[in-house]
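Trainee: Residue-level listing of the chains:
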Amino acid sequence: GEDVEQSLFLSVREGDSSVINCTYTDSSSTYLYWYKQEPGAGLQLLTYIFSNMDMKQDQRLTVLLNKKDKHLSLRIADTQTGDSAIYFCAESIEDDKIIFGKGTRLHILP
Amino acid sequence: DGGITQSPKYLFRKEGQNVTLSCEQNLNHDAMYWYRQDPGQGLRLIYYSQIVNDFQKGDIAEGYSVSREKKESFPLTVTSAQKNPTAFYLCASSMEGVGQYFGPGTRLTVT
Chain B
79 GEDVEQSLFL SVREGDSSVI NCTYTDSSST YLYWYKQEPG AGLQLLTYIF
129 SNMDMKQDQR LTVLLNKKDK HLSLRIADTQ TGDSAIYFCA ESIEDDKIIF
179 GKGTRLHILP
Chain X
488 DGGITQSPKY LFRKEGQNVT LSCEQNLNHD AMYWYRQDPG QGLRLIYYSQ
538 IVNDFQKGDI AEGYSVSREK KESFPLTVTS AQKNPTAFYL CASSMEGVGQ
588 YFGPGTRLTV T
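One line per chain: the protein sequences are B and X, in this order.
Last residue of the first sequence? That's 188 in our numbering, and every number before it is there in order.
Last residue of the second sequence? That's 598 in our numbering, and every number before it is there in order.
Take these hints with a grain of salt, some might be off.
[As the list claims (entries may be wrong)] In silico DSBU-like links for lysine-lysine, alpha-carbon gap of 30 Å or less:
#1 K501(X) / K544(X)
#2 K544(X) / K148(B)
#3 K501(X) / K148(B)
#4 K558(X) / K114(B)
[Claimed, not checked] Per label pair, the in silico range of CB-to-CB distance:
#5 G93(B) / Q504(X): 23 to 31 Å
#6 Q137(B) / K557(X): 17 to 25 Å
#7 T103(B) / A548(X): 17 to 25 Å
#8 E583(X) / D136(B): 29 to 37 Å
#9 T492(X) / P117(B): 13 to 21 Å
#10 N144(B) / V585(X): 15 to 23 Å
#11 S95(B) / K501(X): 47 to 55 Å
#12 S162(B) / Q528(X): 18 to 26 Å
#13 D132(B) / I538(X): 30 to 38 Å
#14 K501(X) / Q137(B): 41 to 49 Å
#15 K501(X) / G118(B): 17 to 25 Å
#16 V97(B) / M582(X): 29 to 37 Å
#17 P117(B) / G490(X): 16 to 24 Å
No wet-lab data here; the hints were simulated from the structure.
Beta carbons: idealized from backbone N, C-alpha and C, even for Gly.
Input sequences plus hints: build the corresponding full structure.
Mentor: This is the structure:
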């Protein structure tokens with residue numbers, strides 16, 4: 079079945095770039111997403127990329143998609159303490175459903 | 488202000504009682520979803536509805552029930568048949584296309 083894999087933890091020094099990686103299995107996905115979850119809160123849609131694109135930039139966020147390898151990454155430039163959260167990679171499947179990874183917890187070091 | 492609301496934020500129940508979690512949206516979205524999140528886990532789909540008066544089971548529907556009588560509302564009932572009901576419950580909605588939008592969640596504790 080469909081699956082989304084991502085590493086569970088990432089520690090980055092404040093001011094450095096964070097790169098969160100993800101692999102997915104469904105090659106027919108139309109959209110791939112990055113969501114952010116702060117403690118005790120719901121998920122916030124950060125950005126998404128259409129499957130026929132290979133890059134999307136939005137302010138400090140850069141999404142790279144390698145469709146051949148089914149690899150998605152999220153780069154956060156100039157990481158700040160407010161970026162500390164869990165980041166979920168997700169892919170669209172049928173009926174507007176989404177499959178989520180288990181999330182990567184981003185920890186910011188001073 | 489458009490958005491999704493879930494109430495209450497925290498809910499406590501005794502084992503054996505049914506409990507209903509509220510989810511309302513004013514985004515005019517057709518589809519709505521319920522997920523369960525356990526510590527260190529991703530989101531697991533409980534039920535979803537693409538249109539009023541219709542809904543489908545997700546991956547972990549056992550012990551849960553839903554209704555979709557209005558476009559804006561998609562309440563979830565956690566029944567006494569759900570073996571491990573303590574979790575964080577998230578509701579979402581979407582329009583065809585780009586992504587799902589989430590409510591703030593309800594943390595349910597059953598003792």
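Trainee: Run every hint past the structure and note whether it holds.
Mentor: Hint-by-hint comparison with the structure:
no.	hint	result
1	K501(X) / K544(X)	holds, 26 Å
2	K544(X) / K148(B)	holds, 28 Å
3	K501(X) / K148(B)	violated, 45 Å
4	K558(X) / K114(B)	holds, 27 Å
5	G93(B) / Q504(X): 23 to 31 Å	violated, 50 Å
6	Q137(B) / K557(X): 17 to 25 Å	violated, 37 Å
7	T103(B) / A548(X): 17 to 25 Å	holds, 23 Å
8	E583(X) / D136(B): 29 to 37 Å	violated, 22 Å
9	T492(X) / P117(B): 13 to 21 Å	holds, 19 Å
10	N144(B) / V585(X): 15 to 23 Å	holds, 21 Å
11	S95(B) / K501(X): 47 to 55 Å	holds, 49 Å
12	S162(B) / Q528(X): 18 to 26 Å	holds, 20 Å
13	D132(B) / I538(X): 30 to 38 Å	holds, 35 Å
14	K501(X) / Q137(B): 41 to 49 Å	holds, 48 Å
15	K501(X) / G118(B): 17 to 25 Å	holds, 23 Å
16	V97(B) / M582(X): 29 to 37 Å	holds, 31 Å
17	P117(B) / G490(X): 16 to 24 Å	holds, 20 Å
Hint compliance for this structure: hints 3, 5, 6, 8 are broken, all remaining hints hold.
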